[in-house]
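2 protein chains.
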Amino acid sequence: MAKPVQVDDLARFCREVLTAIGADPETARDCTGSMLHGSVHGVDSHGVRLLGHYTRALQGGRLNKSPKLLFTRTRAGSGMLDGDNAQGARATYAATDHACDLASEAGIGAVGITRSSHFGPAGAYALRAAERGMLALVTCNSDSFVRLHDGAERFHGTNPLSIACPAPGNPWLLDMATSAVPFNRVELYRSTGTDLPEGVASDSAGADTQDPHLAEMLAPLGGMFGFKGAGLGGVAEVLSAVLTGMKLSPDIAPMGGDDFSTPRGLGAFVIALDPRAFAGAEIVEAGVKRYLELLRASPARPGRKVMAPGDREWATALERRKNGIILDPVTAAGFSELSRTLGIEPVR
Amino acid sequence: MAKPVQVDDLARFCREVLTAIGADPETARDCTGSMLHGSVHGVDSHGVRLLGHYTRALQGGRLNKSPKLLFTRTRAGSGMLDGDNAQGARATYAATDHACDLASEAGIGAVGITRSSHFGPAGAYALRAAERGMLALVTCNSDSFVRLHDGAERFHGTNPLSIACPAPGNPWLLDMATSAVPFNRVELYRSTGTDLPEGVASDSAGADTQDPHLAEMLAPLGGMFGFKGAGLGGVAEVLSAVLTGMKLSPDIAPMGGDDFSTPRGLGAFVIALDPRAFAGAEIVEAGVKRYLELLRASPARPGRKVMAPGDREWATALERRKNGIILDPVTAAGFSELSRTLGIEPVR
Chain A
63 MAKPVQVDDL ARFCREVLTA IGADPETARD CTGSMLHGSV HGVDSHGVRL LGHYTRALQG
123 GRLNKSPKLL FTRTRAGSGM LDGDNAQGAR ATYAATDHAC DLASEAGIGA VGITRSSHFG
183 PAGAYALRAA ERGMLALVTC NSDSFVRLHD GAERFHGTNP LSIACPAPGN PWLLDMATSA
243 VPFNRVELYR STGTDLPEGV ASDSAGADTQ DPHLAEMLAP LGGMFGFKGA GLGGVAEVLS
303 AVLTGMKLSP DIAPMGGDDF STPRGLGAFV IALDPRAFAG AEIVEAGVKR YLELLRASPA
363 RPGRKVMAPG DREWATALER RKNGIILDPV TAAGFSELSR TLGIEPVR
Chain B
63 MAKPVQVDDL ARFCREVLTA IGADPETARD CTGSMLHGSV HGVDSHGVRL LGHYTRALQG
123 GRLNKSPKLL FTRTRAGSGM LDGDNAQGAR ATYAATDHAC DLASEAGIGA VGITRSSHFG
183 PAGAYALRAA ERGMLALVTC NSDSFVRLHD GAERFHGTNP LSIACPAPGN PWLLDMATSA
243 VPFNRVELYR STGTDLPEGV ASDSAGADTQ DPHLAEMLAP LGGMFGFKGA GLGGVAEVLS
303 AVLTGMKLSP DIAPMGGDDF STPRGLGAFV IALDPRAFAG AEIVEAGVKR YLELLRASPA
363 RPGRKVMAPG DREWATALER RKNGIILDPV TAAGFSELSR TLGIEPVR
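Quick note, the sequences are listed as chains A and B, same order.
Take the working numbering: the last position of the first sequence gets the number 410, and nothing is skipped along the way.
Take the working numbering: the last position of the second sequence gets the number 410, and nothing is skipped along the way.
Treat the hints loosely; a few may be bogus.
Remember, identical chains collapse to one label, so a pair may be satisfied in a single copy or spanning two.
Claimed, not checked - Cut-off 30 Å, straight-line C-alpha distance, at most; resulting in silico cross-link-like pairs (DSBU-like, lysine-lysine): (1) 127 / 367; (2) 127 / 384; (3) 309 / 367; (4) 351 / 309; (5) 65 / 127; (6) 367 / 351; (7) 65 / 384; (8) 351 / 384.
Simulated from the structure, these hints should not be mistaken for lab results.
Chain A on its own, in the form it takes in the complex (with noise of 0.2 Å):
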């Protein structure tokens, strides 16, 4: 068994990596932070192991490794982000503050963002805004994994939502794949040789598949409603392709592909609202805290527990800062090769 890694420690290993191949410090610390959410809230997906490929990629020249981001407000509550090949989590932090400052002047304020990349896990940002007593909506789109609804080839892709609402203690954090599992969901069921749930997945000809071998394709979230997913996929698509004239799923590279120089020229969308632009921040405040109390106290399925989302989050959280985190024999093993490579001192 593995030992467990200390956050702090993964955290200084990331940015001393991202630092020894040439990223500016703000790469190296927003790149750093969003997979630092992602593997201590338990989202593994999107977590410390894709500090490689983020490498790769800086390396590269997919991804600018000093990237000069450009704001430009375009009306009192709006504005676009020209990200300038920047690491996702560069370009999207920076568009979720620009929110959050049009929020405090015009009640709420809109951000696209423009030639982005991959920008990992949504409820980064969300939750970034939420810390910074906003309401706030984060998405994009990304290369194609699932099938529309009754449909037989791969569409959108994952397309995330992410939607926090600051509370009292922890805020409330939804951050969903519109797919009804992610793909690595997939390549977990295969290396361990089991089937996968019912109407998840389908084989290459848009058939439902329960044999993770033959998924080629990911279902919309919803099963036989699958247009509410489909269309919520789409939902990202028209906020993050259309509204910032980026590409659409369909024409975006696969981010696994070989050619590791050419920018994906990735959009992304954040929304930030100010409480006190609406009933005000005590009265939501007060809703918040009522709500998530009528929430959790709502009783459960036997031998089930109801949560809010995050709540699942918080708690992965709290055990993981305390107790560090078990890397994947994949991830350590790449984390060895760039300590080796890089002469950087190891995770301990």
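Starting from the structure of chain A, add chain B where the hints point.
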């Protein structure tokens, strides 16, 4: 077989009934507009079958026949609309127009609605915004019908989300409940004596049931991934009730309860975005056009057809505007009664 009623005559009848019981012209217009949106587009649950309900609520005092709507612009992009217990469509069309006005100026506009009521089909208002060239999100919460994920009591309402994006021809229009099915689907299955689909409803202990007579609550969208549907129901709750200071779903008196004199204190929320404040009108129009072309050309499963959100509705509207609408027997009987008691020419 009942004779179909022409759309114009149906609208005429609704307006005359509402006017005859004393609703002001704006209420008669907007209430009729929202019901016709439902009936024309095949959203019959939110169509003219509600005329009797709204009439009773206006006559009983639950709804204000001559509300004085009060809009307060709080910041450049935000405002609150006090509905003065208006019929929900009256308040929500007005709020949508204000949100579009704000978006024209500030790039994005958001309006929280207070002291409103059942607003019918959310898509009616998102469509209004799209007709004004705006993207929009419209939502409300409603009385409890849907259990939480792993929950065993009615908690959220069916809490709809509607999102529209203007497009050449018909807009892209998503209008969805955050439950798997609406409750009137359960009622329909009861009347036909058919089993419900798996995982859409629960008995009084929260356990899944396919027996419509045992169904006491609805499941959130997503089946085993119902935490996503419940989270989306929460988005409606946070925007419509928390940000406005209005009632949470578990606190809302039932729509169909006996008390038709007490206002229900519902909130709702509208966000509008102006494409000209982001990538620009031409780029956005080209983007949505390409998106819809790619989507509609995406290969389908055998015997199925891939559709964009709204496509089924536009087809239904075309057919019903041409051939008229067949009223269900309960609605037809209610209309005859209204015609007799109010001395209004019946629908032909």
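Do the hints match the structure? See the list:
In this homomeric assembly, residue 127 and residue 367 never come within 30 Å of each other (Cα to Cα): the closest approach is 45 Å inside a single copy and 45 Å across copies. Taking the shortest alpha-carbon separations for residue 127 and residue 384, neither the intra-copy value of 33 Å nor the inter-copy value of 60 Å comes in at or below 30 Å. For the identical chains of this complex, residue 309 and residue 367 are inter-copy neighbours only, at 25 Å across copies versus 41 Å inside a copy, given an alpha-carbon limit of 30 Å. With identical chains, the CA atoms of residue 351 and residue 309 are at most 30 Å apart between copies only, with a shortest distance of 13 Å across copies and 40 Å within one.
Taking the shortest Cα distances, residue 65 and residue 127 never come within 30 Å of each other, neither inside one copy (32 Å) nor across copies (69 Å). In this assembly of identical chains, the alpha carbons of residue 367 and residue 351 lie at most 30 Å apart only when taken from the same copy (19 Å versus 45 Å across copies). Taking the closest pair of Cα atoms, residue 65 and residue 384 come within 30 Å of each other only inside a single copy of the chain (14 Å); across copies the shortest separation is 71 Å, beyond that limit. Taking the closest pair of Cα atoms, residue 351 and residue 384 come within 30 Å of each other only inside a single copy of the chain (27 Å); across copies the shortest separation is 51 Å, beyond that limit.
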